[in-house]
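Peer 1: Since the structure of chain A is provided, determine the placement of chains B, C and D on it from the hints.
These protein sequence lines map, in sequence, to chains A, B, C and D.
If you count the first sequence from 1, you need to add 94 to reach the working numbering.
If you count the second sequence from 1, you need to add 94 to reach the working numbering.
If you count the third sequence from 1, you need to add 94 to reach the working numbering.
If you count the fourth sequence from 1, you need to add 94 to reach the working numbering.
Watch out, some of these pointers could steer you wrong.
Same chains, same names: a pair is fine if it fits in one copy or spans any two.
Said to hold, decoys possible - Cut-off 25 Å, straight-line C-alpha distance, at most; resulting in silico cross-link-like pairs (SDA-like, lysine to any residue):
# : residue 1 : residue 2
1 : LYS348    : GLY366
2 : LYS348    : LYS380
3 : LYS299    : PRO327
4 : LYS299    : ASN137
5 : LYS380    : ALA112
Just so you know, these hints were derived from the structure itself, not from any lab.
In this text the structure is predicted, and so the values were computed from the model without any measurement.
4 protein chains.
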Amino acid sequence: MESATLLIFCPDRRGLVAAITDFIFRRNGNVLHLEQHVDVEHNVFFMRVQWDLAGFEIPKDKITTAFTPLAEQYGMTWRVHFSDEIQRIQRMALFVSKEEHCLYDLLSRWQSGDLRVHIALIISNHPTLGHIAEKFNIPFHQFTITKENKAGQEQAQIDLLKTHNVDLVVLARYMQIITAEFIAQFPNRIINIHHSFLPAFPGAKPYHQAYERGVKIIGATSHYVTPDLDAGPIIEQDVARVDHRDSISEMIRKGKDLEKTVLARAIWTHLGHRVLVYNNKTVVFK
Amino acid sequence: MESATLLIFCPDRRGLVAAITDFIFRRNGNVLHLEQHVDVEHNVFFMRVQWDLAGFEIPKDKITTAFTPLAEQYGMTWRVHFSDEIQRIQRMALFVSKEEHCLYDLLSRWQSGDLRVHIALIISNHPTLGHIAEKFNIPFHQFTITKENKAGQEQAQIDLLKTHNVDLVVLARYMQIITAEFIAQFPNRIINIHHSFLPAFPGAKPYHQAYERGVKIIGATSHYVTPDLDAGPIIEQDVARVDHRDSISEMIRKGKDLEKTVLARAIWTHLGHRVLVYNNKTVVFK
Amino acid sequence: MESATLLIFCPDRRGLVAAITDFIFRRNGNVLHLEQHVDVEHNVFFMRVQWDLAGFEIPKDKITTAFTPLAEQYGMTWRVHFSDEIQRIQRMALFVSKEEHCLYDLLSRWQSGDLRVHIALIISNHPTLGHIAEKFNIPFHQFTITKENKAGQEQAQIDLLKTHNVDLVVLARYMQIITAEFIAQFPNRIINIHHSFLPAFPGAKPYHQAYERGVKIIGATSHYVTPDLDAGPIIEQDVARVDHRDSISEMIRKGKDLEKTVLARAIWTHLGHRVLVYNNKTVVFK
Amino acid sequence: MESATLLIFCPDRRGLVAAITDFIFRRNGNVLHLEQHVDVEHNVFFMRVQWDLAGFEIPKDKITTAFTPLAEQYGMTWRVHFSDEIQRIQRMALFVSKEEHCLYDLLSRWQSGDLRVHIALIISNHPTLGHIAEKFNIPFHQFTITKENKAGQEQAQIDLLKTHNVDLVVLARYMQIITAEFIAQFPNRIINIHHSFLPAFPGAKPYHQAYERGVKIIGATSHYVTPDLDAGPIIEQDVARVDHRDSISEMIRKGKDLEKTVLARAIWTHLGHRVLVYNNKTVVFK
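With the rest of the complex left out, here is chain A (with noise of 0.2 Å):
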């Protein structure tokens, strides 16, 4: 079965639904999934819609032109998914340092087919990885970043993930800041894991920021990479608890968890075309 799904955000104004639905049913489209919500303090609607194209009157390619004057009249942000490019397999690249727990866990995700992905490349600035992506034959490309030559390694980072039809960008516990520049070639589609319970502990050494403060729960972060460092759209947290026994090894150990999970279920839902990003913050579609 093919199938259309629209994801879309825009000021709420009364018949929306009816509007968007309306534009699916005279064409004999028929609804299969549909979820909608009003952000009531900023007064933004949003919509996730999919129907079955079986008998729909207007021709795949036709689609994006024909919705185009309602999503004008609605100043609609939107984007339409075929089930067709939603089957094809996305094409990602990770990003490392030296810790390898995230590596691990989504290259073991993306082996048993729990993620449904192509793992492209792993892009590092140190070679201490380079055995797991040769045990997982990933190519493995070093560059190493120092203030002079940030900029040029970046450039060449981003001809290599353009040469690979890179989808995604997932920072897997990479250690540098990526600039704005870089960003800009990926906008939503870089996605950091941020060990801390953000915007608690932003920057460096969040576990030692934690245990110093006292806190008794720490957590992790998923985001979209903007260029306001450990700023960008949440897109999944999760916590654990700990005590005055929790050392800051304990803390890492038990961080370590959280970020795996954190980071996979972040990618899991983007993969899925789940997200709609706004005012910096994530819609996120079950």
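Peer 2: Okay, now just chains B, C and D, sitting in the frame of chain A:
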């Protein structure tokens, strides 16, 4: 603004979303909120749809009749709520025994306006908590229950509930088993709080059972009461971590907080007409 | 049975457990419970030890003097509690403004005996909750606070607290900032509940901040009050999951349950003499 | 530094802490860490005490003999571990079937050094995961199990485990029931991961059971294997929230993350000699 809300479940069939929304659109109804879901294991379709009645071409008192043919065609189990009815304050009866934590919690939520409900009366098998009812000016009726008088006392309770036009019965740690005859008078309108993570530890003294089994997490469960003890449709659950240092009395202390919160959430959801019951399970619309 | 409990922290040194337990054993004391911990990051030693006073060779009123040389030798910060003092009901003052959920919750815990404490008085900057104090027969004192009268009003509050021999001050959603002068009168004896997962979202309107940041989990934090706003030693925290469907008012509703539970747990722990404060953090003995 | 660690449980009696620490002090032992606990429901005393052996007047190989009289006097169940033995890398065997998530997770923890253990061999009743063993250079032994050959195959497995001097057997989603004869060879040294929140949903297909029951929270449980199926002493548990939108396959996906984490935590705790088993429950020292 006046609105109508349909809650529906039925065997899933192609075209259901379209058929239902079409019913609304063709009569000039403006959909305000729509949520639907398919249980793919059992092929059951669920929907909650709310629309503005302004300009709707079917008068309010004819909507049920108008929708019936469609409902019958698809074999729907359904109900419709109107906004004036939703805004009507529902009438709740509380059944208690000797434990006061849930009673106090519900009373304070009612007094603060956090729980939009009218507490019509409190029924107990013991006089212990009568002073609290008095403090909050709520009628308190004591029914001592023995094996011999149970049928008669239950009938008297039912009569009292009917006199008070009670919409919802809440067993807030009521330590008596309700008979099937009583339950039949209030189908899916009696909510119980059980002090374990069901289906673990049904029946008496669940914290003692949990202690003996050595579980590392305890819980509480609120559910609709059915003749099958502690086996009715679950509305809400929550858990808390324990370890070997927690005695039974510590578990009871931690558990009380779970019980309060879980029961209150279940009541809140029920009062908002957000629960559908099917196959002895619940669908809880947000 | 009469017992003594020592709470100690000091720089960690070899032989500390032995030195302390030796002090007890040599005088024929029988250790009932002992818990110790070392903060390896800062080389700080913590201990809580309780022993039976029956047969102990030092009379109760001489124990402090007898222990002092050892304490000085190791540079200990320490205190001793005796069981009759622990069994003494402590006196608590509640500061409130207009929100009643924490107030009702503490009152019901006190009335049910779950919180072994005497609520000596309620202080508020508004008359709103006076009727609740009246319902529970607790003295209610209103102090309207303005920029101009703040110093005087705080002095009057302090006088009132001293008159009532208050051991513990609890800010149960009191919406005024307490001055350093006030705090200095009750060091580590003022507990606040902050409606966020600190250090995220300190200050005013944390749920609004959380909503704007788009976090997926909200929290509540209870801590000792220090002159540094919302930065005192954390005693207890808890969290709840939210998603894009939760409006600010939904967050507030969910958060209230967190606030009630977290504040009550912190008070319960404090009353049990189970909290040590050092480096602006807490050690909470079970 | 060389140290000794005693793990003890016995009927609680006055003077136990003193008797045990006295044994250490009188021989000039310096206590490094002490944790004790009393199960007040069953009057059972637990202790874990670690002391420095430098200057201790009893030679290491005489400590067991020296402690025995005291142990017998109090009816203790006890064991002593020495630091060199604790630092010895223990040898672990993994039993798997077709599911790879726990296997990959344990392998990556082992490779990264987060789990200080030697994975001696992998045993499976299917050839499916052999390629993973190969990737990580670990011996892989396949034992096809039928009703007829079960006794013989188990004996061959036991022989193999003995040949490899295995300390710990981990059932990482091994889908065979182990016989009482096998278990008797490794008492409290076989850890299983069960994919439900035990005692709810023991036996086969727990996610299907959870789905049918309509629970709002799912879990995973790791426990020592006893002849009573899924009823051994629980070491660790964790849970995740689900709602009506989660299909069985969604529950399985969420559950896998729980299984990985819960199993790894149980193994980590066991390897650290931190678990005492009594009354079919565990005491887990931090």
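Peer 1: For LYS299 and ASN137, with the copy left unspecified, which applies at a CA distance of at most 25 Å: within, between, both, or neither?
Peer 2: For LYS299 and ASN137, the Cα distance is within 25 Å only across copies (20 Å; inside one copy 38 Å).
Peer 1: State whether the alpha carbon distance between LYS348 and LYS380 is at most 25 Å within one copy, between copies, both, or neither.
Peer 2: Result: close only across copies, 13 Å inter versus 27 Å intra.
Peer 1: If the cutoff is 25 Å on CA atoms, where do LYS299 and PRO327 land: within, between, both or neither? Let me know, please.
Peer 2: both (21 Å within a copy, 20 Å between copies)
Peer 1: Classify it for me, LYS380 with ALA112: is the Cα-Cα distance of at most 25 Å met within a copy, between copies, both or neither?
Peer 2: both (22 Å within a copy, 21 Å between copies)
Peer 1: Checking LYS348 and GLY366: alpha-carbon separation at most 25 Å within a copy, between copies, both or neither?
Peer 2: between (28 Å within a copy, 16 Å between copies)
Hint check: no violations occur; every hint is consistent with the structure.
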